[in-house]
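Visitor: The sequence shown runs -19 to 98 under the working numbering.
Simulated from the structure, these hints should not be mistaken for lab results.
Here are the simulated lysine-lysine pairs, DSS-like style, with alpha carbons at most 25 Å apart:
1) K48 to K87
2) K48 to K31
3) K31 to K87
Just so we're clear, the structure is a prediction, and the values are computed from it rather than from any experiment.
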Amino acid sequence: MNNFWALGVVIVAMATPFVSATASAADFECSRDGIRSSMIEKRGSFLAFLKGVEDPQSVLEEFQNEFKELQERDDYESTYAELESLDENPDQQPSPELCERVQESGKVVDSFINSHSD
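Using the sequences and the hints given, assemble the complete structure.
Guide: So, in structure tokens, the structure goes:
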């Protein structure tokens, strides 16, 4: 799996336990391009956030540790498999469930950034 989709897995995996599905379909285009755009946006936000913190390494480690805990606690095999399949099959479109998880994950990333900002 390439690095782009791997970051997507981190973002998606962080979402489900923390955020309820309350956003409308208008907030997010459920398509391959919609997922990619969302991931690019959240990756950019997260990297910009890391540049502005005093100790980016410890914040990144905290983010990664939270992901590891979620990964151990919850089953994300279907999410991983679908993201990998999207990577391997350019004509494939994501399932509504994956789109929902990606949309929710954006909220989790935003929440993590907000909770760690001065």
